[in-house]
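**Q** Chain by chain, the residues:
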Amino acid sequence: MITIAASPWQIGGTPGPTEAATLKPETAAKLIQIAKRPILVAGSLTLETKVSNGPLIDFIIEWGKLGIPVVATKPTLKEFLKRGFKPSASMGLSDLINRLTDPTWSLDGNGAHDLIIFLGIRYPILSQMLSTLKHFAQNLRTMSLNGFFQPNADWSFPNMKEEEWKEKMAFLLKTLKEK
Amino acid sequence: MITIAASPWQIGGTPGPTEAATLKPETAAKLIQIAKRPILVAGSLTLETKVSNGPLIDFIIEWGKLGIPVVATKPTLKEFLKRGFKPSASMGLSDLINRLTDPTWSLDGNGAHDLIIFLGIRYPILSQMLSTLKHFAQNLRTMSLNGFFQPNADWSFPNMKEEEWKEKMAFLLKTLKEK
Amino acid sequence: MPLLRDKTTRVSIKKLEAGSAIIEGLEVVIGKIIEEEPWEPIGPTPMPSIATLRSWDFRLLQRYPPTYSPLCDMCCMCAIGKCDLTKMKKGGCGIDIRAHQAREILLRTTIGAAAHGKHARHLFEHISAKFGDDLSIDAGIEVEVEAPITRLVTGIKPKTLADFREVLEYIENQIASLLSATAMGQEGSYLDFESKAFHAGMIDNLALEVADLIQMSAYNFPRGEPDTPLIDIGAGTVNISKPLILSIGHNVSASIEIIDYLQRNDSMGSLEVTGLCCTAQDLARYSDQAKIIGPISRQLKFIRSGIADVIVTDEQCIHTNILQEAQEIKTPIIATSDQMCLGLPDMTEEPVENIVNALVTGQHPGVLILDHSKVGEVAVQTARMIAPIRKKYKAVPDAKTLIEFAEKCTDCERCRRNCPIDLPIDKAVYEARTGNLKKLVDIYDLCIGCGRCESECTPNIPIISLMEKAAEQKIKFEKYKIRAGRGIIKDTEIRKVGRPLVLGRIPGIIAFAGCPSYPRGGIEVAEMAEEYLKRKYIVVTTGCSAMSIAQYKNEEGKTLYEAYPGDFDAGCLANVGSCVSNAHVIGAAIKIANIFARRPLRANYEEIADYILNRIGAVVMLWGATSQKSLSIATGANRLGIPVVIGPQGARYRRMLLGRKEKRDKYMVYDARTGEQVFIGPAPEHLVYIAESKTEALVMGTKLCIKPNDTTMGRQIKLTHYIDIHKRYFGTIPDDVHLLVRSEADVPFTMKEEILSFLKEKKWQPNIIPDPTILKRMIRSRK
Amino acid sequence: MPLLRDKTTRVSIKKLEAGSAIIEGLEVVIGKIIEEEPWEPIGPTPMPSIATLRSWDFRLLQRYPPTYSPLCDMCCMCAIGKCDLTKMKKGGCGIDIRAHQAREILLRTTIGAAAHGKHARHLFEHISAKFGDDLSIDAGIEVEVEAPITRLVTGIKPKTLADFREVLEYIENQIASLLSATAMGQEGSYLDFESKAFHAGMIDNLALEVADLIQMSAYNFPRGEPDTPLIDIGAGTVNISKPLILSIGHNVSASIEIIDYLQRNDSMGSLEVTGLCCTAQDLARYSDQAKIIGPISRQLKFIRSGIADVIVTDEQCIHTNILQEAQEIKTPIIATSDQMCLGLPDMTEEPVENIVNALVTGQHPGVLILDHSKVGEVAVQTARMIAPIRKKYKAVPDAKTLIEFAEKCTDCERCRRNCPIDLPIDKAVYEARTGNLKKLVDIYDLCIGCGRCESECTPNIPIISLMEKAAEQKIKFEKYKIRAGRGIIKDTEIRKVGRPLVLGRIPGIIAFAGCPSYPRGGIEVAEMAEEYLKRKYIVVTTGCSAMSIAQYKNEEGKTLYEAYPGDFDAGCLANVGSCVSNAHVIGAAIKIANIFARRPLRANYEEIADYILNRIGAVVMLWGATSQKSLSIATGANRLGIPVVIGPQGARYRRMLLGRKEKRDKYMVYDARTGEQVFIGPAPEHLVYIAESKTEALVMGTKLCIKPNDTTMGRQIKLTHYIDIHKRYFGTIPDDVHLLVRSEADVPFTMKEEILSFLKEKKWQPNIIPDPTILKRMIRSRK
Ligand code: SF4
Ligand code: SF4
Ligand code: SF4
Ligand code: SF4
Ligand code: SF4
Ligand code: SF4
Ligand code: SF4
Ligand code: SF4
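Chains as they are written, first to last, in the numbering used here: chain A, 5 to 183; chain B, 5 to 183; chain C, 11 to 793; chain D, 11 to 793.
Simulated from the structure, these hints should not be mistaken for lab results.
Result set (SDA-like, lysine to any residue): computed pairs, CA atoms no more than 20 Å apart in a straight line:
no., chain 1, residue 1, chain 2, residue 2
1, D, LYS167, D, ASP144
2, A, LYS178, A, GLU167
3, B, LYS90, C, LYS772
4, D, LYS671, A, ASN114
5, D, LYS673, A, LEU100
6, D, LYS437, A, PHE152
7, A, LYS54, D, LYS437
8, C, LYS772, B, SER92
9, A, LYS82, D, GLU764
10, C, LYS437, B, GLU167
11, C, LYS97, D, THR468
12, A, LYS90, D, ILE743
13, B, LYS165, C, ASP421
14, D, LYS671, A, LEU111
The whole structure should be built from the sequences, with the hints applied where relevant.
**A** See the structure below:
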């Protein structure tokens, strides 16, 4: 037996034959850059999760400033506002996922999104929400950037130790800023 | 999404988090050589499957001559005998698998086997029999040398085109003979 | 305990005084009358609950402990999951993979029992409404024991339809019990799960009997006649110039209304009334004018041919994507069961005219009609009106279009990799580009028609349509004959074969049952049947297996139904009927114990099962194991001590019940005469065996017919077959003959020398022939 | 249609003449008496079958279509599988992942219904044997409508135990029907599967009611009294110097025998009688001497403490590895249900002495006793005799041993990776090496006690024992109070709250139900309950949630049960009882429609559901979704139009029923006065919503209480809470306020300015307040 590098973080979480491709930060940056209608979904763990220089939420705000539309899930909205950042939208995670399965829907009504990036969402619920999109939103691609491999995404970071993840996140932000 | 090189031959056949390691012929040879109590199980497809120089059964007989005990499943026994080769034993596949889950059992009564090599068995049934051994015969290791990835084995050849498989099989036999 | 029975006799009482109570002006329906007729004293286990027969089950499981082959290493039954159970890791509820697999078996056998239980219930309600509760249960002449399973399990002897009400309530009660045990945090022992699965199998078998007896009684199906009419079977038998109605499923009551309507209007010949799966088998028991297309494996293929003008679905074994498939060929669907509503509008209450109109105009792609009496008229009228309109859909695409499709094939192998039985369909399609369709034709016969290959094909090649086209010419010649299902086995037949069977002079009963996931096509079932017929076994068959056997001709160009008589006797081939008719196969074993051996029947489960286990050489062959229903049918047989051989695909049922013949202590029985424990050899060796190939199944079948009670003459005959067939296919004499020879007199005369020397080599010692039982209480004099 | 009821009154008749029939010497049991008492005319849907309420279901599903989150991309239900269904590929039976997920929901709701159905059946049989069929169903004073669900669904008004027989048969019949539809080749439409799942939910709720009403009646449980005794709850409340019996499960009848036996022998104080899960809740309804250890999450932890001298298991939610766990601490098990036999020897027929002896000597690790009346004596005597013997097991390993264990930790993370709720248990164990147990203590409260972490740990560290040890001091102070389950809601209470609720002045009913797979521990349930209590919602709770709420103290050091009254009224906290008591929560909504609004109840499902959907602000909170049972309870509520909010772990139930508030056409109702279609806004927006966090659930709860029928005053109040709580947790006013304001009068007074300007921004237009219904036939005058 082997343990595949990118095995689902939750051991029982093998969904079936189709699993996410493992993502390197370089590739992530490229995919984000070529996406035409990406959104970044920031979940309820954005506050308590730490990246190099503070909580994840501050980091996400920097992304938002780069022009990537940020959707704050309901429980995170207040924290964004507190920090003087107005997300592009705020919705319940379930509400958002449900609408994303409708290819005619988008945040601004200007055509379907093509890439959904997830950060700061509790593993078990994200896994299920990614499953919804995998099966029923074939028009878009999903990317999980938490440090835990999410097989139901199209692309996911592999399982990483905290420090490693922080480095990769910093590298990713840097790359995005550079280009 | 990616399609992992060593994905189960049958697409719906993902068993769970624990899957076989993909095997190269070199490694196979090594594993067979270091095994103390291996057996080779030859199933009902050994006649109709072709390797480089004839049917698989002839090939297996060569292995047998190298000293690896061959168990012919019931439907293949007659063909071995026809060819003047007496397998170490002949049993129904289900009967054999059942006994292999008993760590006190062996063909000759001289202590448990440690490696079971499978050749020439219909994919769907082999997959299930390997599952039995995976869960309930933790004392032994299993190896599938058909050209179809069997995730329930401990080691399996990956999915291969017929020609490639024939080459690998020839190489394997050569290696075993050399040492 | 006196037994209560349901008889809804309504009585008006003006004034009733009983003891201190006075009731006036009351209309009562006398619901339960305490059984008066002394047909047989009640046995120890009437209407057993899920733990009643546990000790019997544990005895079987001790000799035949389960060997599991998990199909999945995880469990996903509750919201704690998925739990990874690999290698005996425990799930969040504490369960390990052994108990979980047993739970999976319980769940599936219970689903099977529920499907049959519901089938029986639906028939009951429909027939009760149509014929009244007083309809007599008529199993035909020469049949005293009309309902062996019902009598055995419930203690009820059914006389009218109403008598089955209590039986159905019992069945439903038990199903709920069994299902409940699969909930998170219930049963924890794999042995108890298996015992419950046995119980589900028994309940399933009971439901089969109820269903078949009431439909036989109501619809006047053949009742044990061996020489039922030969029915057309095969897609080649239909006249495609006539409007064609295709019924699919298992519950024939809706489809019978079609025939009734046609007959009422004297226009039976103007339409083709055809069926697929068991509904077809049962239609043919109702009318020899109905035609059978084939088993479930022909379902998608025949639909793709476009020939059906109307499709009537009832319940079970229906391709669940049928609505979309039917829309492709512009064929309206009439769904007739709450088991399969397909999202269709419920037009039960609408006038026939409106429904027909909605279907013919395509306003709805199909409708749901829950009142069966309406179905006949709607189906016929719709077929007549729509047939001319949809003429152009009555054909698969032409060869050119198909080759164009095939040209898109990239030889990616994914179709084969998604094929449940690993057919090389990739190569067949790839080769079709060149116009060579031979490989496709070959696969046509092997294919179970599931459509998974198509679903995986990136360029969307309609692979099944390709096959259908490729086999077009061949299909025209698919004209076979099947003998209509005969139903019950008569008491007279039982009396006739009882002695030779129990003593072993008839080597055994082989029952081909179940679905068509054959490893190498239906031909293998037919070949096996033929081999046993030649060897003078009693061969019986049902459901899809019976249909597969029909689709084969012997050297003389005859189907086996034409070549062999339909009796329940040595060297005969009896098509017993549809899946629910399996009740009569199992019932026959029970009847042998009761009628021939005079063992008390009523509510006397253990003794009868003990008798069958130790004395009746009967084996069920589930060669194309597929559905939950066939698993539960087989599991019911298992509880009665009848071994089952399953084809290799059935390894996905995930468990066998295997003995180990070297474990002498497991094959001990009591000698009822003395109470002594006697070694009986592997007789039978296994309770559920998965065979790798046809030859292994054939040989195993002969071996599993060997029973401890065989007389020396009988054992000689059985061993002759076993050794002969083993030599023929495996080249040697079996390595366990010494375990099956009890005295020199057992040794087959023609092989004496060879076997005696083998016995010597094995240091064989003679043994006695006991009066075998595994029930301590059956010992007549204790030591 | 006259309704038939089962009343097994036995009458001896010497001679009976009725019409032409003469019957002599017959003993009859009068089974079915045509209903005479004209309590209410029968409605349109008595004992609906699985398709009867389909059109109602389809209406709900149109507004709230299912959103699936597959837990697995494959299907393994039959031997064709596994089929890969990823991205709408079809399986071998033609099914796609949408229909298959719906089938999985149906299967799980049916399993839940079966578990409760069986629970009811077991209670029924036991109570019938013990108290007789004539036991009156007594729901207490001030209760006319004793069985709202039974009346609504079946049309039966139960007076005695026997009246429930027909109800149980109906339940079992429907369960078999529902299960049957999950078989391979049955239903093909996801909407029809969902409709059937609703049906399973309804059947489940009916079973709950039967179970709780008969146990309330037989055991004299509290019947709607708000001020039931305060019961000790928490492991810290037990006196470990006394022998201790621990009951686990749901069916209290066996455990009640323990208390009865002690009371008969006047020795109630000599033993600790404790329970876990719902059996504990129900024991506390029987005797205020019983102590509750806690919800299911404490099960393994408490067993590991070694304190229990005897464990009595009945059915449901029991750790299936309990036998092995109990053996570790040398505690014998008494299994009392055929639902969980654990492979144990059945000693039901043995004398008490022998059984006790077998247990005390360790001859058997446990026994199966299916006769509950024997359990009491066996349990008590065994506990007394074994307690001194097993003294040394009454402790988790000492701190030193545990640190030694922790030292083996390699920080491999696998325990966390196998934890269903992703708890950082790896770090906690790793840190314990240093003797710092704080992280372990923290996790103790969050952990659901499933044991999966241990199962994954290569060095076999007994992680749960570590936690138990780490929290040892804390556990000593786990002394809380819970108000014993009060059972039914009284008609008088309904009358009192009916108007304010329907008009909206009481902002809503929030029901905390279900299991403890909380994302962040039980404290969150308690915090949510407290928030709603402060806001004067009616808060009710049952089962494990009720126990979790108890294990929290407010700022004043009081449990919420001590701080708030137990009425069914604004700002009160009612512990209704065990899981089966959820019937009364759902029943309360029905009773409001019936008693307050005088809607006909009997067999009048659609109208009542329509009333609840449009008028009663009630929400079920399933914060710790786990078992199949909680899914089916919730699904039953859904069919009645009651929305359910599920915690994030419940995403593994794999489907939500979500509305989309921007789709105006989905939120139209008829105005019953005029027949006009009126937009009502998202009221309620969803039927099943999975909340990411506590705050989201809290806000969603307030929003889902908003109903089209609210008066302007009521809407003001509801909006005040919604907006206030949204601001508090999310920082803004909700973006959908304009959809919920129908006229300026709806605008909360205190927020007038802000909201009016928001409305302006949204180009808000006023709308009328309809007399809302989604049933066309409820329109009084058609346009
Ligand atoms: S048991 Fe079946 S449905 Fe569940 S995870 Fe395994 S393959 Fe998937
Ligand atoms: S039933 Fe048990 S093993 Fe299965 S998912 Fe639930 S907790 Fe895990
Ligand atoms: S339809 Fe036939 S060829 Fe295609 S996957 Fe199914 S069995 Fe294989
Ligand atoms: S999946 Fe389609 S393209 Fe691929 S080999 Fe099969 S038929 Fe050809
Ligand atoms: S034999 Fe199997 S496939 Fe055929 S109709 Fe019966 S259950 Fe269905
Ligand atoms: S039920 Fe259908 S999808 Fe599931 S395994 Fe069977 S054929 Fe495949
Ligand atoms: S026992 Fe607790 S910590 Fe361990 S896996 Fe279960 S929930 Fe997680
Ligand atoms: S699984 Fe065991 S060794 Fe690994 S981190 Fe957890 S406690 Fe430590």
